[in-house]
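Asker: Sequence:
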Amino acid sequence: MADIKGIYAEIETGLHAEARLATMDKKLIINVAPTGSFTSRQQNPLQPYTMEENVKSAIEAYKAGAAVWHVHARDNDGLPSKDPHVVKQTIDRVFDACPDIVTSVLPYADYDKQGMEQIKPTVDILKAAGAQYMETAVLLIMSMTLNDKFTYVVSETHLKETVKYMEDHGVRPEYQGHAYSGMKDVMDWLIDTGIAKDPPIMNVMCGFHGFNHASPLTPDPWSYVNVMSLAQVIPAGAVKGFCAGGRNWLPFSTLGIMLGMDMVRVGMEDSVFVHPHKDEKLTSSAQAVELVRNIAESLGREIATPDEARQILGIAPRDSAGLVAAK
1 MADIKGIYAE IETGLHAEAR LATMDKKLII NVAPTGSFTS RQQNPLQPYT MEENVKSAIE
61 AYKAGAAVWH VHARDNDGLP SKDPHVVKQT IDRVFDACPD IVTSVLPYAD YDKQGMEQIK
121 PTVDILKAAG AQYMETAVLL IMSMTLNDKF TYVVSETHLK ETVKYMEDHG VRPEYQGHAY
181 SGMKDVMDWL IDTGIAKDPP IMNVMCGFHG FNHASPLTPD PWSYVNVMSL AQVIPAGAVK
241 GFCAGGRNWL PFSTLGIMLG MDMVRVGMED SVFVHPHKDE KLTSSAQAVE LVRNIAESLG
301 REIATPDEAR QILGIAPRDS AGLVAAK
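Here our numbering is used: the first residue of the sequence shown is 1, the next is one more, and so on.
There may be inaccurate statements among the hints.
Said to hold, decoys possible - In silico BS3-like links for lysine-lysine, alpha-carbon gap of 27 Å or less:
hint: 1; residue 1: LYS63; residue 2: LYS120
hint: 2; residue 1: LYS26; residue 2: LYS184
hint: 3; residue 1: LYS160; residue 2: LYS184
hint: 4; residue 1: LYS184; residue 2: LYS27
hint: 5; residue 1: LYS26; residue 2: LYS63
hint: 6; residue 1: LYS164; residue 2: LYS120
hint: 7; residue 1: LYS184; residue 2: LYS127
Claimed, not checked - If you anchor each label on the Cβ, the simulated ranges turn out as follows:
hint: 8; residue 1: VAL153; residue 2: ASN226; range: 34 to 44 Å
hint: 9; residue 1: ALA316; residue 2: THR157; range: 27 to 37 Å
hint: 10; residue 1: LYS160; residue 2: LYS278; range: 42 to 52 Å
hint: 11; residue 1: ASP279; residue 2: GLU167; range: 43 to 53 Å
hint: 12; residue 1: ASP307; residue 2: LEU79; range: 46 to 56 Å
hint: 13; residue 1: LYS5; residue 2: GLN311; range: 42 to 52 Å
hint: 14; residue 1: ASP124; residue 2: TYR152; range: 12 to 22 Å
hint: 15; residue 1: GLN311; residue 2: ASP279; range: 33 to 43 Å
hint: 16; residue 1: ASP307; residue 2: LYS184; range: 24 to 34 Å
hint: 17; residue 1: GLU18; residue 2: GLU52; range: 47 to 57 Å
By construction, these hints were calculated from the structure, which means they are not laboratory data.
From the three backbone atoms N, C-alpha and C, an ideal C-beta is built for every residue, glycine too.
All chains should be modelled from the sequences, with the hints used to inform the complete structure.
Answerer: As structure tokens, then:
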């Protein structure tokens with residue numbers, strides 16, 4: 001009997017002595033993308049089209065727990081707009097309700113140009129309005145063809161001058177890629193040459209995003225293994241972002257949370273359906289934020305506030321009026 005008691009005592013000691021797992025021991029930033037250039041009302045009748053709908057969607061998502069807003073603009077007719085003045089007007093209206101929300105802007109103003117000239121109008125106009133209008137910006141690091149009218153070309157010259165222009169104007173690049181070899185090669189080059197500031201923000205694209213430039217959804221369920229391999233490309237010490245789209249956005253986002261990603265991006269820009277195996281459609285980007293927030297909190301991860309998100313992302317804090325503090 002004594003031996004049995006001893007065995008049980010050893011088992012109990014072992015269970016209590018197991019070390020904590022630190023992978024998820026950090027706050028999670030939720031980044032919301034309410035609208036974009038590709039998702040249409042033919043896909044989801046509730047997709048925000050007008051500026052008013054876009055603004056309302058961003059505000060609702062912020063109230064649901066999103067600290068970062070991935071900014072796309074639409075004009076008053078509901079057409080996607082790259083006009084920096086329309087982008088500024090959209091941001092102004094969201095700031096009225098959410099003065100501390102983090103702005104992550106798509107900077108490409110002119111698809112007929114490449115490199116610095118492609119982003120310069122957006123950077124110049126938004127940063128002239130105030131540092132808070134463009135705190136980070138998504139920068140694609142892999143060439144891709146979006147449709148028969150636009151091909152985005154990445155070259156060493158374009159990438160170097162674009163990053164420098166952003167950094168010189170106080171904009172943190174969010175380096176974004178979707179394939180293992182391309183992401184690794186480009187990020188290694190950016191870091192080895194000192195172009196990428198330390199720590200860089202690296203976004204992994206996974207799932208289908210309205211055009212074919214992300215990791216595959218199939219074969220199911222082995223696509224999760226592919227996504228896990230993509231996560232290994234992120235350099236040590238980098239801020240880790242995860243942008244899941246398509247039918248598998250919710251399981252992929254959950255996987256990102258479990259992998260310890262610092263930030264996950266969700267919303268109706270990238271997703272139409274709630275679940276991968278059902279045809280129920282998202283009713284709002286706030287719904288997507290709430291789903292991810294509930295999952296994260298159930299797994300023990302706290303949700304970052306906008307101020308905490310700025311600290312994690314390495315961008316300047318805001319003052320009490322919502323303005324970016326002077327460096």
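Asker: Could you run down the list of hints and mark each one as holding or not?
Answerer: Structure-based check of each hint:
Annotation: proposed proximity of LYS63 to LYS120 is violated, straight-line Cα distance about 32 Å (limit 27 Å). Pair hint LYS26 plus LYS184 holds up; C-alpha atoms about 25 Å apart against a cutoff of 27 Å. For the hint pairing LYS160 with LYS184, the CA-to-CA distance comes to about 16 Å; that is within 27 Å, so the pair holds. Between the alpha carbons of LYS184 and LYS27 the distance comes to roughly 26 Å, so the proposed pair stays at or under 27 Å and holds.
Of the supplied pair hints, the one linking LYS26 and LYS63 holds, its CA atoms being roughly 21 Å apart against a limit of 27 Å. Simply put, LYS164 and LYS120 have alpha-carbon atoms about 11 Å apart, close enough for the 27 Å limit, and the pair holds. Annotation: proposed proximity of LYS184 to LYS127 is violated, straight-line Cα distance about 31 Å (limit 27 Å). The supplied range of 34 to 44 Å is broken by VAL153 and ASN226, whose beta-carbon atoms lie about 26 Å from each other.
Between ALA316 and THR157 the CB atoms are about 29 Å apart, so this pair conforms to the stated range of 27 to 37 Å. Between LYS160 and LYS278 the CB atoms are about 45 Å apart, so this pair conforms to the stated range of 42 to 52 Å. Distance hint for ASP279 and GLU167: a CB-CB separation of about 44 Å, consistent with the stated range 43 to 53 Å. Range check, ASP307 to LEU79: about 35 Å between beta-carbon atoms, so the 46 to 56 Å window is missed.
Taken as a hint, the range 42 to 52 Å holds for the pair LYS5 and GLN311, whose Cβ atoms sit roughly 50 Å apart. For the hinted restraint 12 to 22 Å between ASP124 and TYR152, the CB-CB distance of approximately 21 Å keeps it satisfied. Checked against the given bound of 33 to 43 Å, the beta carbons of GLN311 and ASP279, roughly 40 Å apart, stay inside it. Range check, ASP307 to LYS184: about 33 Å between beta-carbon atoms, so the 24 to 34 Å window is met.
Between GLU18 and GLU52 the beta carbon distance is about 53 Å. The supplied range of 47 to 57 Å therefore holds.
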